[in-house]
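Asks: With chain A fixed as given, assemble chain B onto it according to the hints.
Chains as they are written, first to last, in the numbering used here: chain A, 269 to 382; chain B, 121 to 229.
A hint or two may mislead.
Unchecked claim - In silico DSBU-like pairs for lysine-lysine, Cα to Cα no more than 35 Å straight-line:
(1) B:Lys189 - B:Lys123
(2) A:Lys325 - B:Lys224
(3) A:Lys312 - A:Lys282
(4) A:Lys325 - B:Lys189
(5) A:Lys325 - A:Lys282
(6) A:Lys312 - A:Lys325
(7) B:Lys123 - A:Lys277
(8) B:Lys189 - A:Lys277
(9) B:Lys221 - B:Lys172
(10) A:Lys282 - B:Lys221
(11) B:Lys123 - B:Lys228
(12) A:Lys312 - B:Lys123
(13) B:Lys228 - B:Lys189
(14) A:Lys312 - B:Lys224
(15) A:Lys312 - B:Lys228
(16) A:Lys312 - A:Lys277
(17) B:Lys221 - A:Lys312
(18) A:Lys312 - B:Lys172
(19) B:Lys172 - B:Lys123
(20) A:Lys277 - A:Lys325
(21) B:Lys172 - A:Lys325
(22) A:Lys277 - B:Lys172
(23) B:Lys172 - B:Lys228
(24) B:Lys123 - B:Lys221
(25) B:Lys224 - B:Lys172
(26) B:Lys172 - B:Lys189
(27) B:Lys123 - A:Lys325
(28) B:Lys189 - B:Lys224
(29) A:Lys277 - B:Lys224
(30) A:Lys325 - B:Lys228
(31) B:Lys123 - B:Lys224
(32) A:Lys325 - B:Lys221
(33) A:Lys282 - B:Lys224
(34) B:Lys221 - B:Lys189
Said to hold, decoys possible - Pulled from the structure, derived: some chain B residues nowhere near chain A, Cβ distances all over 12 Å:
(35) Asp131
(36) Ala133
(37) Asn174
(38) Ser181
(39) Glu186
(40) Ser190
By construction, these hints were calculated from the structure, which means they are not laboratory data.
By construction, the Cβ of each residue, glycine as well, lies at the ideal position given by its N, Cα and C atoms.
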Amino acid sequence: NAGVTQTPKFRILKIGQSMTLQCTQDMNHNYMYWYRQDPGMGLKLIYYSVGAGITDKGEVPNGYNVSRSTTEDFPLRLELAAPSQTSVYFCASKEPGTGEHTQYFGPGTRLTVL
Amino acid sequence: DAKTTQPPSMDCAEGRAANLPCNHSTISGNEYVYWYRQIHSQGPQYIIHGLKNNETNEMASLIITEDRKSSTLILPHATLRDTAVYYCIEGRSQGNLIFGKGTKLSVKP
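One chain only, chain A, in its complex shape:
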């Protein structure tokens, strides 16, 4: 299994541009999550999904959108990039039937907005 994969690894955007961060997991996990991590800080939850077709907001959803059309994929969309969205973005998924909060994380996408 590849686990949780994220693309791209790095991206530089100009203010006002849009992009989609891709996340795919091959573990058949129902739950998937998007976090962002600013320098020197812990992760903050942006959006999460408990299954295909179901998404919900986390702690910091403003400026982002998500969709979940399949179990495997959970893309994160930035419509109008702003410098405040410069961060490292992590996608995670949760294995059904195990501990409630045992999440598996991808390697992250480093985004810079200039």
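Replies: Okay, now just chain B, sitting in the frame of chain A:
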């Protein structure tokens, strides 16, 4: 915001046990304590979790006090590869994790 309290940094000699403390005095009776770590520039990695009893797996041991207000993560023989930020997290609904700033553990030769 995170409701756990951890020291910002700790040092440990290679080969010795690393004991990382965490206070979670407001934890609810049915909430687990989870430990994750984040090696530089990587995604967080699950280590261990527990409710009341002490737990051990291939990575670490978790000691939870009887009143559940604090816990200690033990890495029995720390190596240089254990250098990372360690997060102690109270389990919440929907599986969401609330990360604080964690403890930066530096394992030194």
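Asks: Hints first: check each against the structure and report whether it holds.
Replies: Cross-check of the supplied hints:
no., hint, verdict
1, B:Lys189 - B:Lys123, "holds (11 Å)"
2, A:Lys325 - B:Lys224, "holds (29 Å)"
3, A:Lys312 - A:Lys282, "holds (23 Å)"
4, A:Lys325 - B:Lys189, "holds (30 Å)"
5, A:Lys325 - A:Lys282, "holds (25 Å)"
6, A:Lys312 - A:Lys325, "holds (12 Å)"
7, B:Lys123 - A:Lys277, "holds (31 Å)"
8, B:Lys189 - A:Lys277, "violated (39 Å)"
9, B:Lys221 - B:Lys172, "holds (24 Å)"
10, A:Lys282 - B:Lys221, "holds (29 Å)"
11, B:Lys123 - B:Lys228, "holds (30 Å)"
12, A:Lys312 - B:Lys123, "holds (14 Å)"
13, B:Lys228 - B:Lys189, "holds (30 Å)"
14, A:Lys312 - B:Lys224, "holds (18 Å)"
15, A:Lys312 - B:Lys228, "holds (30 Å)"
16, A:Lys312 - A:Lys277, "holds (19 Å)"
17, B:Lys221 - A:Lys312, "holds (11 Å)"
18, A:Lys312 - B:Lys172, "holds (27 Å)"
19, B:Lys172 - B:Lys123, "holds (18 Å)"
20, A:Lys277 - A:Lys325, "holds (24 Å)"
21, B:Lys172 - A:Lys325, "holds (31 Å)"
22, A:Lys277 - B:Lys172, "violated (39 Å)"
23, B:Lys172 - B:Lys228, "holds (32 Å)"
24, B:Lys123 - B:Lys221, "holds (11 Å)"
25, B:Lys224 - B:Lys172, "holds (25 Å)"
26, B:Lys172 - B:Lys189, "holds (10 Å)"
27, B:Lys123 - A:Lys325, "holds (20 Å)"
28, B:Lys189 - B:Lys224, "holds (21 Å)"
29, A:Lys277 - B:Lys224, "holds (24 Å)"
30, A:Lys325 - B:Lys228, "violated (41 Å)"
31, B:Lys123 - B:Lys224, "holds (18 Å)"
32, A:Lys325 - B:Lys221, "holds (22 Å)"
33, A:Lys282 - B:Lys224, "holds (33 Å)"
34, B:Lys221 - B:Lys189, "holds (19 Å)"
35, Asp131, "holds (19 Å)"
36, Ala133, "holds (26 Å)"
37, Asn174, "holds (16 Å)"
38, Ser181, "holds (16 Å)"
39, Glu186, "holds (21 Å)"
40, Ser190, "holds (19 Å)"
Comparing the model with each earlier hint shows violations of hints 8, 22, 30; every other hint is respected.
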